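Just need the whole structure built from these sequences, with the hints factored in.
Residue numbers (full-length UniProt numbering), protein chains in the order written: chain E, 1 to 346; chain Z, 1 to 346; chain X, 1 to 346; chain S, 1 to 346.
The hints are simulated quantities; they were obtained by calculation from the structure and are not laboratory data.
These numbers were taken from a predicted model, which means no experiment stands behind them.
One should not assume that every hint holds.
No copy is singled out in the list; a pair is fine if it fits within one copy or between any two copies.
Claimed, not checked - With a cut-off of at most 25 Å between alpha-carbon atoms, the simulated DMTMM-like pairs for lysine to aspartate or glutamate come out as follows:
1) Lys3 <-> Glu264
2) Lys188 <-> Asp54
3) Lys93 <-> Glu268
4) Lys3 <-> Glu335
5) Lys165 <-> Glu26
6) Lys253 <-> Asp168
7) Lys116 <-> Glu140
8) Lys116 <-> Glu301
9) Lys93 <-> Glu335
10) Lys188 <-> Glu278
11) Lys188 <-> Asp44
12) Lys165 <-> Asp44
13) Lys93 <-> Glu132
14) Lys188 <-> Glu35
15) Lys90 <-> Asp136
16) Lys3 <-> Asp340
17) Lys79 <-> Glu270
18) Lys90 <-> Glu35
Number of protein chains: 4
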Amino acid sequence: MIKVAIVGASGYTGVELIRILHAHPEVAVTCVTSEQSAGRPVSDVFPTLRGRCDLILESLEPVGIAGQVDVVFTALPHKAAMAVVPTFLKMGKDVVDLSADYRLHDADVYGKWYEKHLTPELLPQAVYGLPELRRDKIREANLIANPGCYPTSVILGLAPLLKGKVIDPKSIIVDAKSGTSGAGRSAKVDNLYCEVNEGFKAYGVGGVHRHIPEIEQELALLAGTPLTISFTPHLVPMDRGILSTIYSVPTGKVTAAELVTLYEAFYEGEPFVRVLPEGVLPSTAHVRGSNFCDIGVVVDERTGRIIVVSAIDNLVKGASGQAVQNMNLMCGLPETLGLDFLGIFP
Amino acid sequence: MIKVAIVGASGYTGVELIRILHAHPEVAVTCVTSEQSAGRPVSDVFPTLRGRCDLILESLEPVGIAGQVDVVFTALPHKAAMAVVPTFLKMGKDVVDLSADYRLHDADVYGKWYEKHLTPELLPQAVYGLPELRRDKIREANLIANPGCYPTSVILGLAPLLKGKVIDPKSIIVDAKSGTSGAGRSAKVDNLYCEVNEGFKAYGVGGVHRHIPEIEQELALLAGTPLTISFTPHLVPMDRGILSTIYSVPTGKVTAAELVTLYEAFYEGEPFVRVLPEGVLPSTAHVRGSNFCDIGVVVDERTGRIIVVSAIDNLVKGASGQAVQNMNLMCGLPETLGLDFLGIFP
Amino acid sequence: MIKVAIVGASGYTGVELIRILHAHPEVAVTCVTSEQSAGRPVSDVFPTLRGRCDLILESLEPVGIAGQVDVVFTALPHKAAMAVVPTFLKMGKDVVDLSADYRLHDADVYGKWYEKHLTPELLPQAVYGLPELRRDKIREANLIANPGCYPTSVILGLAPLLKGKVIDPKSIIVDAKSGTSGAGRSAKVDNLYCEVNEGFKAYGVGGVHRHIPEIEQELALLAGTPLTISFTPHLVPMDRGILSTIYSVPTGKVTAAELVTLYEAFYEGEPFVRVLPEGVLPSTAHVRGSNFCDIGVVVDERTGRIIVVSAIDNLVKGASGQAVQNMNLMCGLPETLGLDFLGIFP
Amino acid sequence: MIKVAIVGASGYTGVELIRILHAHPEVAVTCVTSEQSAGRPVSDVFPTLRGRCDLILESLEPVGIAGQVDVVFTALPHKAAMAVVPTFLKMGKDVVDLSADYRLHDADVYGKWYEKHLTPELLPQAVYGLPELRRDKIREANLIANPGCYPTSVILGLAPLLKGKVIDPKSIIVDAKSGTSGAGRSAKVDNLYCEVNEGFKAYGVGGVHRHIPEIEQELALLAGTPLTISFTPHLVPMDRGILSTIYSVPTGKVTAAELVTLYEAFYEGEPFVRVLPEGVLPSTAHVRGSNFCDIGVVVDERTGRIIVVSAIDNLVKGASGQAVQNMNLMCGLPETLGLDFLGIFP
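Right, dumping it as structure tokens:
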């Protein structure tokens, strides 16, 4: 059994990691931390866990924790992650970091969108953990930068088009929509039930969302050229799910049928990407609770634009499920182990 | 008192008309029709009305109805509307038609997107009822084609940019999101609570939604040139509200501040359009139950694109509220009479 | 015009008062207060109000406020209300207090369920503002204790049975359910969207909810004898609405038809109580946004028990709507003025 | 591998069976039926299944189906089930019937609440499949009457009290609340999103719900005496979950602590019943997607009444999860096999 610590277990990605790993045949979660709830059983904070995972939440002491486990998942806010990840690495632990701290290859870009990076020397060894694009490197990594939720949906949605040089890289517009769990579990008026329910809004409009540099970094690698995208996130009154509607202009004439074939070829054999048949479009309801990314592709004959729609569960493929997928790869386990559960509907 | 008939009163726009007109000081709803519920009190179908509007739903007999009232609101499906509107007009009634039947000036375009038009000879006298653009013509009309919900949000969102020739008309992409009441009240599995709740999806992707010709017709008039847009509607798990996120490319350099000034000037004095200050964006939650259209404008400095976000309540400004606004204008009443209620929050 | 201050305007009952009074023909809201948002326009906190009520939120200075207005609505937490109400009264203002501070006639009971009362000398002059039971006293009062939301639904639901001595007063069990706006607008993890959505729970089980003494006080007056009830509140994942399911044992044999007749007689002429026909039961969806209380009565032939189901909008008849109804009575205005709007559906 | 057919797979309990059994290590679902969707892949009806279970839905031909499988789950409406179950039994198959057809021991009672029973001769061999009460009989059965959702929550909630003769059996009042998936997947206006959302209502009030005889049958067996209960179901605007609030009068004085001890002893070792500590109460959010039944017990010191609150996921412990638990027992597998997944939160 692989012993695992979940650092920052009182948030939604933390409890989702526990849920997923509880059913993983080769893993035992043996340590969970939370500053604000230290000393309480994690099942007190998340009663879904009662009777199955009643570990006491600990304060985060990196050295002590590293001594007890094989793998560490850091589900902390950015900056808090890079304060402790170096210690885990120094003690020889594999780390899957769910924060943004090791996703950007360039410390200056990180500095511009977040703040000054504390450990830029670790960036070269961090692997951006999107298995569909970087499976082999993940297998050899000891530090995985687990992708953001929006980036996962966008990069998987666009990879075949950019890799295949089908579209003009300057034409990309992403209109993305997220369920409310993406806003986290901190007590803010804006996230109260009555403030969110029965409303729909855009936020961070105008190219200011922090997931943008991460998306552009990965898309540029796929395209082989720098690019700039328009990205507008929205908040949906539901718990889980991200749907990205992605507009782009093809460099030549293409049909939807050709594109579906392209996507099917690109994602052939991928266990968690489902390319939908022509004419079928995804819904977040159909990936809820699962590690799938569903992708539909359409060509608007009137305007010539390509419209890609991709859907994930932001807490699973967009966070904790993908983190476990990365852990499986790092640990030499079958990639789908513990992850082949179906979505929950309704 | 103006006597009013609501033809097709067992749908959501029908009950919303009754709700609004109940508080209108110069109107009495005296006739309501429904084929499927004929013979039952409308308050049986919609118990919100109990004790305040207990009219018996009648079968639709145009001549009989026309004999009793001054104004007719037709809240019927397309095709059903054009089967009865001519009779109402012939008998000298003012008609506000909430269907799509008289919105398109060109019967051929109607034929292409819907079916063969039955009364193309009436199209020239029908006025597309967007008061912000066509107030004077509405005052003189006897047949108002009440705009669709998506079109209202998009046209109001883009009018200042197109009229001011600020953007390239070929660059317009509309990513629109609607609450579920837009799907109507017929019994379909797709609209069941458990199918809609906790899910978000696109539909009608690829330039096939029937509101497209209506939007393009009006935008072309504003731009002074034909244009083609990309339009993607989405379904939000909430009852009411439309939010349209609209992307376009300016012809020259502009700032958000300049655009807000442009919008404020364009909509100066408009009672139901609220141009939001720079940096503020609308939410459907803030227009729910009201006749407002809230508009925010942003410039993405990184890509140069303009992003307009507009929000309405699809049943009020997007349907029944706008219909009453049109009726007020047609009948020589103050435009805001009975419509100056605030949105309901939460 | 009656000039009105809303003290504590940044909560949900505050904005609901503004919404209702905006459409009231004889009232002008001229002062709104909020400690946490003082200095900001109230329309900044609640953008539904933008362009219609852009008053600046003030700090609460009772003397200054009293100098500007005729009537004060205090929408403060308990204890905060009784700290300022005496000043308003001393300065001759009519006060409608939406807190619990003046609802209980007995300061000792208040002390037991809340804390030591600061101004017990005012209790005799406070009138418990349920117009259906105490219309004449309200007309002469200058201090109205506006009833709690749960109590409104329960007292109106049981009044005919207790007044008519139809049931055993010791047999009453109230199973009540409330929408989330009843939990207020403060930033707590428990009230976050993701914590409330898609869940249903009981809280305050076992006779500990603070609305109990208020309910028992009023029911005892109706019954002419002290009584003790079982009361269990629940939280529903929706914004608005209270539904109380009330069980009791009749002292003799009765039929549902007889009970409906009893209720119709008891509430004859009441503008805001709708007694439903036999076999029809209320839903919170049918009173949402309105000042109605809908009541259905059933007899369970198998067990002999009477089941009353009553529904209100907790923010309207359960708070701000009833407060305006009381103000109308106090000020000699028609009781329904500004309140005769229909519920919003869907 | 045990081969399994799911008869009636296009409803919510059908897809939930597929979801659960997909992760069951000893089962292969090899046949799924649906009359209305015969010929389509089940993953077309429920896209969550795409790529994992793409079986073609067949028409229901009992003999043919029985020839291919070892165990049959019948997820049909009542009456439809008893039309085919005899054939499956005759062909030696184990049957778990999720309908009501074999739950009532007495065909006359069935006749009174449903209609004339077609195969009363099978009733003696049917075992009411509540493992916590009847584990040994289930192991030997070949026909399991899988309990209803409400009955599961109520019987588990009351069993310790009745078995322990702690309460007066005549005093039981059950106020139950269910998510909307309990209403099934047929296209009815009443179940549309906009009709259910943002509303809460009671239905089937007055002792008329068909789950009553089933509850009373099992409670009477526990109490050793016939009994009659008051039962009021309500509809909650959420997908999944049942919460039952159960009132009763103890025969003598008891404390909550004593009752918690009683419940803990009664359910000791039970894998799927979680007795909550004194002062803790269940929420449907904490059992969503899991096979748990969470139970909290409170004594109201003021009235002397006992209040039990129990929560389940209506589609799991209330239907498909319990069905798999029964199958495990029938087939000699570990009872928790394939069922030890955690609930999904949020």
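Tested hints:
1. Lys3 <-> Glu264: Neither: 37 Å inside a copy, 31 Å across copies.
2. Lys188 <-> Asp54: This pair counts as between: shortest inter-copy Cα distance 24 Å, intra-copy 28 Å.
3. Lys93 <-> Glu268: So Lys93 and Glu268 fail the 25 Å test inside a copy (33 Å) and across (39 Å) alike.
4. Lys3 <-> Glu335: Answer is within; shortest intra-copy Cα gap is 18 Å, inter-copy 27 Å.
5. Lys165 <-> Glu26: neither (41 Å within a copy, 46 Å between copies)
6. Lys253 <-> Asp168: both (12 Å within a copy, 22 Å between copies)
7. Lys116 <-> Glu140: Answer is neither; intra-copy 28 Å and inter-copy 64 Å both fail.
8. Lys116 <-> Glu301: between (46 Å within a copy, 23 Å between copies)
9. Lys93 <-> Glu335: within (19 Å within a copy, 37 Å between copies)
10. Lys188 <-> Glu278: Between copies only: 24 Å across chains, 42 Å inside a chain, cut-off 25 Å.
11. Lys188 <-> Asp44: Both: 21 Å inside a chain and 17 Å across chains, each within 25 Å.
12. Lys165 <-> Asp44: Neither way: Lys165 and Asp44 sit 51 Å apart in one copy and 32 Å across, limit 25 Å.
13. Lys93 <-> Glu132: within (24 Å within a copy, 44 Å between copies)
14. Lys188 <-> Glu35: both (18 Å within a copy, 17 Å between copies)
15. Lys90 <-> Asp136: within (23 Å within a copy, 55 Å between copies)
16. Lys3 <-> Asp340: The answer is both: 21 Å in one copy and 20 Å across copies each meet 25 Å.
17. Lys79 <-> Glu270: Classified as neither: same-chain Cα gap 33 Å, cross-chain 44 Å, threshold 25 Å.
18. Lys90 <-> Glu35: within (23 Å within a copy, 50 Å between copies)
Checked against the numbered hints given earlier, the structure breaks hints 1, 3, 5, 7, 12 and 17 and satisfies all the rest.
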